[in-house]
Each structure stands twice: as C-alpha cells, then as structure tokens.
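Undergrad: Starting from the given sequences, assemble the full structure and let the hints guide the process.
These protein sequence lines map, in sequence, to chains A and B.
Quick note: the first sequence uses my numbering, first residue 1, plus one each step.
Quick note: the second sequence uses my numbering, first residue 1, plus one each step.
Calculated directly from the structure, the hints in this document are not laboratory data.
Keep in mind that the hints are not guaranteed to be accurate.
Quick list of in silico lysine-lysine cross-link-like pairs, DSS-like style, CA-CA up to 25 Å [to be verified]: (1) K101/A <-> K24/B; (2) K78/B <-> K101/A; (3) K68/B <-> K61/A; (4) K24/B <-> K78/B.
Calculated from the model, a selection of chain B residues having no Cβ within reach of chain A, i.e. all distances over 12 Å [said to hold, decoys possible]: (5) T13; (6) V19; (7) R22; (8) R41; (9) G59; (10) T76.
These numbers come from a predicted model, not from an experiment.
Cβ coordinates follow ideal geometry from the N, Cα and C atoms, glycine included.
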Amino acid sequence: AQSVTQPDIHITVSEGASLELRCNYSYGATPYLFWYVQSPGQGLQLLLKYFSGDTLVQGIKGFEAEFKRSQSSFNLRKPSVHWSDAAEYFCAVGPPGGYQKVTFGTGTKLQVIP
Amino acid sequence: DAGVIQSPRHEVTEMGQEVTLRCKPISGHDYLFWYRQTMMRGLELLIYFNNNVPIDDSGMPEDRFSAKMPNASFSTLKIQPSEPRDSAVYFCASSPDRGVGQPQHFGDGTRLSIL
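TA: As structure tokens, then:
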C-alpha cells in the first residue's frame with residue numbers, strides 16, 4: 001500500500017531564510033506526488049505536482065520540489081521564506097494508472113519568525 | 001470560477017443529534033471526496049464518488065456515517081447519531097476526470113463540534 005511520511009511536525013524559520021520540508025513515500029512504482037498548503041481556516045491548495053519528466057518541479061508562490069527516486073523523496077523548498085508562508089504543508093501520493101485515491105502525509109506546520 | 005462550496009462553515013450540536021454536511025463540487029468535476037481532519041489522525045479520506053457513484057467508502061468510520069451524491073452538483077455527508085468524537089473539520093474536494101493524477105480542489109471545510 002502506498003504511504004507518505006513527513007518526518008517534521010513543526011518547523012520554525014526566520015523570514016528571508018531558506019526552507020526545506022521533507023517528504024518520503026513508499027510505493028512500488030513512481031507515484032504521482034503533490035504538495036498542498038493549508039492556511040488557517042481554509043482548505044488545502046495545490047502548490048505543485050510531479051508525474052514524470054524533469055525531477056525539479058516549479059510551483060506557485062515561489063516553491064519548488066525535487067523528486068529523487070533513489071531516496072524515495074519529494075522535498076519542498078523555497079529559497080527565501082515570507083511571513084505569509086506560515087501555514088501547514090501536506091505531501092500527498094497517488095498511484096499511477098488513473099486511480100484517484102490520494103494518500104496525504106500528516107503535515108508539517110511552518111512558523112515564520114521576523 | 002466558483003470553487004468547492006461547503007455548508008455550513010461551522011456546526012455546533014449536541015450528541016445524539018443528526019448532522020448533515022453539504023458540498024457543491026466544481027462544475028464539470030467528476031470526482032468528489034469527503035475527508036475528515038483532526039489533530040490526532042490528520043487528514044483521512046472517508047469516501048469518494050465518481051460520476052455520482054460511491055467508489056470507495058472504506059474510510060467511513062462506522063454505520064453512523066453515510067454519504068450520498070444524488071446529482072453531479074451536490075453531495076451530503078450525514079452523521080446520525082452524532083458523538084463528541086466526531087468533532088473535526090470535514091472537507092469536501094473535487095477533481096476532474098481528464099486523465100491520471102488530477103489534483104483535488106478543496107472547499108474551506110465545515111468545523112463540526114459535538115457537545
């Protein structure tokens with residue numbers, strides 16, 4: 001069965017600092033990978049997705065993620081964090097083949113300090 | 001374009017009462033998902049529909065929970081009778097059927113409190 005692990009529950013970074021959020025997945029083949037962001041009181045919003053091709057994926061709000069097959073990882077990065085990036089971030093994995101069921105990680109809550 | 005619309009945004013009720021949560025997916029989306037989010041268990045998929053037909057309800061916690069999708073633009077999640085442990089934020093999401101790996105679009109959720 002597919003699974004996704006986000007090892008960091010909370011991360012605190014200073015505004016302007018770089019950010020990397022970790023995500024590891026478990027699946028027999030290359031799955032579809034997503035990063036979502038959830039601001040307080042709101043639903044999840046898609047940041048970026050990876051299906052195939054270039055392993056470095058650009059998303060909205062200046063985020064990017066890199067797929068590393070050898071490490072079964074799909075880490076999210078941002079070179080310079082803004083206070084408005086404070087939110088909870090979810091990695092998600094879906095199997096190839098058109099099946100829509102997606103498994104979400106437990107989330108990483110990002111705090112940004114001035 | 002209107003996003004996924006959920007109602008009510010907040011619901012507070014006493015245990016034993018029936019609770020009905022509502023969702024209007026994005027027009028043209030063929031998949032509809034119901035999730036529950038709690039601090040302890042994170043985001044859990046309860047059930048999802050394709051073209052109004054339930055495909056997988058293995059995440060529905062027990063018989064007190066039921067979900068319906070009578071047409072392409074409306075779905076309900078019902079809890080009867082409700083219990084305090086059902087308190088959570090319930091999200092509805094939809095996605096199009098345009099090939100594999102389409103992202104899901106989430107509503108803003110219903111925050112449910114059972115007293």
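Undergrad: Compare the structure with each hint and give your call.
TA: Now the hints, each set against the structure:
1. As the CA atoms of K101/A and K24/B are separated by approximately 19 Å, the hinted pair is consistent with the 25 Å bound.
2. Our distance criterion of 25 Å between C-alpha atoms is met by K78/B and K101/A, whose separation comes to about 21 Å.
3. Between K68/B and K61/A the CA atoms are separated by roughly 36 Å; this puts the pair beyond 25 Å, and the hint is violated.
4. A distance of roughly 15 Å separates the Cα atoms of K24/B and K78/B; the hinted pair therefore holds under the 25 Å criterion.
5. Every C-beta of chain A lies more than 12 Å from that of T13/B, the closest at about 20 Å, which supports listing it as non-interface.
6. The Cβ of V19/B lies farther than 12 Å from every Cβ of chain A, with a closest approach of about 19 Å, so its non-interface assignment holds.
7. Against the 12 Å criterion, R22/B stays outside the reach of chain A, whose nearest CB is about 15 Å from its own CB.
8. Once the 12 Å rule is applied to beta carbons, R41/B is inconsistent with being away from chain A; the minimum gap is 9 Å.
9. A beta-carbon of chain A is positioned within 12 Å of the beta-carbon of G59/B; the least distance is around 9 Å.
10. Non-interface status of T76/B relative to chain A is upheld: no Cβ of that chain comes within 12 Å, the nearest being about 18 Å off.
In this structure, the earlier hints numbered 3, 8 and 9 are contradicted, and the remaining ones agree with it.
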